[in-house]
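Chains as they are written, first to last, in the numbering used here: chain E, 1 to 218; chain A, 1 to 207.
Where hints are given, some of them may not hold.
What the hints assert, rightly or not - Some chain A residues close to chain E (C-beta under 8 Å, calculated; not the full set):
1. Glu-23
2. Gly-26
3. Leu-52
4. Lys-62
Stated by the list, open to error - Below are the DMTMM-like pairs computed for lysine to aspartate or glutamate, each with C-alpha atoms no more than 20 Å apart in a straight line:
5. Lys-98(E) <-> Asp-61(E)
6. Lys-199(E) <-> Glu-14(A)
7. Lys-25(E) <-> Asp-70(A)
Calculated directly from the structure, the hints in this document are not laboratory data.
Glycine included, each C-beta is placed from N, C-alpha and C at the ideal position.
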Amino acid sequence: MNPENEKLQADLSDEALLEKFRQTKDPNLFKSLVRRYQTRVYNAAYRILGNAEEAEDVVQDTCIKLHQNINKFNRNCTFAAWLFRIAHNTCLDILRAKQRKKVAPTITFDPQFNSDTESVFDTTSVISQAADPSPNPAEALEFSEQNEVIAQKLQELPDIQRTVVVLHDIEGFSYQEIAEIVGTSLGTVRSRLHYGRSKLRELLDAYYSSGPVSPASR
Amino acid sequence: MIFMNDSICRQIVELLDAYRDNELSGSEQTQVKNHLDACSNCRKELESINRLINDLQSLPIKTPAVDIVDKLDLSILPLPADNVVPFKKRPWIAIGAVAAVLLIFAVASQKQNEPRLAVNHNQPSPTNPLIAENHKPISVPPARQKETSSPAFSQHTVIPAQKNLPDHSEILVSSAEIAYLADPQDTSLTDTIGIATDEDGLYEIKI
Chain E
1 MNPENEKLQA DLSDEALLEK FRQTKDPNLF KSLVRRYQTR VYNAAYRILG NAEEAEDVVQ
61 DTCIKLHQNI NKFNRNCTFA AWLFRIAHNT CLDILRAKQR KKVAPTITFD PQFNSDTESV
121 FDTTSVISQA ADPSPNPAEA LEFSEQNEVI AQKLQELPDI QRTVVVLHDI EGFSYQEIAE
181 IVGTSLGTVR SRLHYGRSKL RELLDAYYSS GPVSPASR
Chain A
1 MIFMNDSICR QIVELLDAYR DNELSGSEQT QVKNHLDACS NCRKELESIN RLINDLQSLP
61 IKTPAVDIVD KLDLSILPLP ADNVVPFKKR PWIAIGAVAA VLLIFAVASQ KQNEPRLAVN
121 HNQPSPTNPL IAENHKPISV PPARQKETSS PAFSQHTVIP AQKNLPDHSE ILVSSAEIAY
181 LADPQDTSLT DTIGIATDED GLYEIKI
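With these hints in hand, go ahead and build the complete structure from the sequences.
Right, here's the structure in full:
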């Protein structure tokens with residue numbers, strides 16, 4: 001695609017770009033549209049599911065479902081809310097599948113374990129990097145201990161509360177948009193967000209009261 | 001977490017998240033704001049909420065290791081469903097489908113109610129000497145079946161009938177054959193007879 005076309009597409013709104021794709025069926029337009037949200041969908045799915053591979057699956061499945069159902073989009077909601085609704089439903093499928101095959105926790109030894117690609121709170125606990133307990137430099141740079149604790153505690157919230165907290169506090173959706181994404185009422189969104197935050201503050205209370213520990217002290 | 005005795009504070013804390021997000025109605029927003037001006041405990045709660053949200057927003061944005069969209073081969077994806085018309089817009093298809101299902105149920109239930117006969121009265125059976133050619137079974141109304149067959153039981157050793165035996169001597173017969181077999185004048189061909197009823201009320205006789 002030439003730079004002029006790219007600039008032209010960048011100036012278009014989501015809805016205009018979608019309309020153009022409907023008319024022309026040009027796959028580049030579709031890819032441009034999805035690429036705008038790829039990272040956001042991935043990030044939200046990662047925070048909801050706590051697993052990088054599953055988050056990638058969510059992005060991929062969302063793209064496919066979006067392509068299949070693109071003609072069903074109407075302007076009752078924003079394109080972003082509609083796209084996240086598809087992604088949210090895909091996340092729900094994964095969460096339900098996880099619920100079904102929940103088994104007693106087992107401990108596996110895996111020295112090649114990569115925390116980035118595995119679930120933080122999966123049913124299987126993995127003793128990671130047993131040979132070298134210190135985090136690798138890249139991880140240490142990316143995550144402060146505080147971020148790790150927050151991410152872990154976030155996973156302890158009930159799925160429905162975590163989803164609303166992620167969509168509002170991390171992805172920045174309004175209550176109305178979240179109600180459309182999750183398929184519930186405004187009051188339910190408000191309530192889930194209130195209880196989700198309260199629970200998360202409770203979970204983090206001990207950490208906050210003891211004061212953050214610097215990554216170097218580990 | 002702040003311990004609150006005051007019921008007003010409890011109500012306000014319930015609204016603090018929405019207040020912080022500007023998602024309250026105008027009057028509620030004012031009510032919370034006025035309370036916060038006067039209540040330090042609730043202000044601390046609000047600070048705690050703000051801190052949590054700041055922490056959540058400071059989480060690093062996770063990005064996929066590869067460009068997933070680039071990996072997608074759109075040419076193999078199914079085309080956008082242009083011609084799909086919702087079912088509700090084609091009522092005749094829905095009516096037809098319902099009618100077909102009802103018809104299948106009707107046929108299936110009729111099949112279930114038919115009597116299950118293993119032996120055709122009009123056909124000679126080479127494996128069973130009791131149903132020989134030109135044999136005319138005695139016709140007995142079903143209501144009298146028990147009465148007619150009971151004398152025969154007293155003269156024979158009754159053994160339980162067994163299911164699914166490949167033996168050709170085991171047959172399923174209707175009430176007509178039972179009457180014929182139970183004839184006390186004709187006991188030469190049978191030694192033991194086992195009789196049982198199945199769910200359909202048919203009789204199974206082992207000879």
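Structure-based check of all given hints:
Given hint, Glu-23(A) at the interface with chain E, holds; its Cβ is 5 Å from that chain's nearest Cβ, closer than 8 Å. Violation of the interface hint for Gly-26(A) is found here, the shortest Cβ-Cβ separation to chain E being roughly 16 Å, above the 8 Å cut-off. Annotation: Leu-52(A) was flagged as interfacial toward chain E, and the flag holds, the nearest CB pair being 5 Å apart, inside 8 Å. The closest approach between the C-beta of Lys-62(A) and any C-beta of chain E is roughly 4 Å, which is under the 8 Å cut-off, so the hint is satisfied.
Taking the CA atoms of Lys-98(E) and Asp-61(E), the gap is near 17 Å; set against the 20 Å cutoff, the hint holds. The straight-line distance between the Cα atoms of Lys-199(E) and Glu-14(A) is roughly 13 Å, inside the 20 Å bound, and the hint therefore holds. Taking the CA atoms of Lys-25(E) and Asp-70(A), the gap is about 17 Å. The hint holds against a cut of 20 Å.
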